[in-house]
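Colleague: Sequence:
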Amino acid sequence: MALDMGSATYARDASGRKKLIADLQGDLKTARSAITGNELTTLLKEVDKYWSGADANRFKSEIKETANKIANDMKQFDKELDSVINDDDKQFRKLQSTNASSIGQL
Numbered sequence: 366m367a368l369d370m371g372s373a374t375y376a377r378d379a380s381g382r383k384k385l386i387a388d389l390q391g392d393l394k395t396a397r398s399a400i401t402g403n404e405l406t407t408l409l410k411e412v413d414k415y416w417s418g419a420d421a422n423r424f425k426s427e428i429k430e431t432a433n434k435i436a437n438d439m440k441q442f443d444k445e446l447d448s449v450i451n452d453d454d455k456q457f458r459k460l461q462s463t464n465a466s467s468i469g470q471l
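Each residue of the sequence shown is one higher than the last, beginning at 366 in this note's numbering.
Mixed in with the good hints, there may be bad ones.
Here are the simulated distance ranges between beta carbons [as the list claims (entries may be wrong)]:
1) E411 with K440: 22 to 30 Å
2) V449 with A396: 14 to 22 Å
3) S467 with I428: 56 to 64 Å
4) A419 with D378: 36 to 44 Å
5) E404 with I450: 53 to 61 Å
6) K459 with K384: 36 to 44 Å
7) S467 with K394: 36 to 44 Å
Derived by calculation from the structure, the hints in this document are not laboratory data. Positions of the beta carbon are idealized from the N, C-alpha and C atoms, including for glycine.
Take the sequences, apply the hints, and build the full model.
Modeller: In structure tokens form, the structure reads like this:
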């Protein structure tokens, strides 16, 4: 059975790398939206239904603050992930170039 690189979802080429980055960024965006979007609003409304006063307000404030911190951390992770994938690509290309040179000398 031969290896069919055409069927690989992510390959070590520009289009495979771009697809991987786009997929990961999409997943992170979905997660950030879940943390700070409707789910957070629903949670805060539920707290309001069953709890009131200064303690409830402090609790809701901490939830919002934590959700925003997580979302911001995920944005930073997104940037770092892009950098790591691109650095890996550069190292792989360098290795391939070295290998090609070595084979050419045979």
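Colleague: State for each hint whether it applies.
Modeller: How the hints compare with the structure:
| no. | hint | verdict |
| --- | --- | --- |
| 1 | E411 with K440: 22 to 30 Å | 27 Å, holds |
| 2 | V449 with A396: 14 to 22 Å | 18 Å, holds |
| 3 | S467 with I428: 56 to 64 Å | 57 Å, holds |
| 4 | A419 with D378: 36 to 44 Å | 58 Å, violated |
| 5 | E404 with I450: 53 to 61 Å | 29 Å, violated |
| 6 | K459 with K384: 36 to 44 Å | 22 Å, violated |
| 7 | S467 with K394: 36 to 44 Å | 42 Å, holds |
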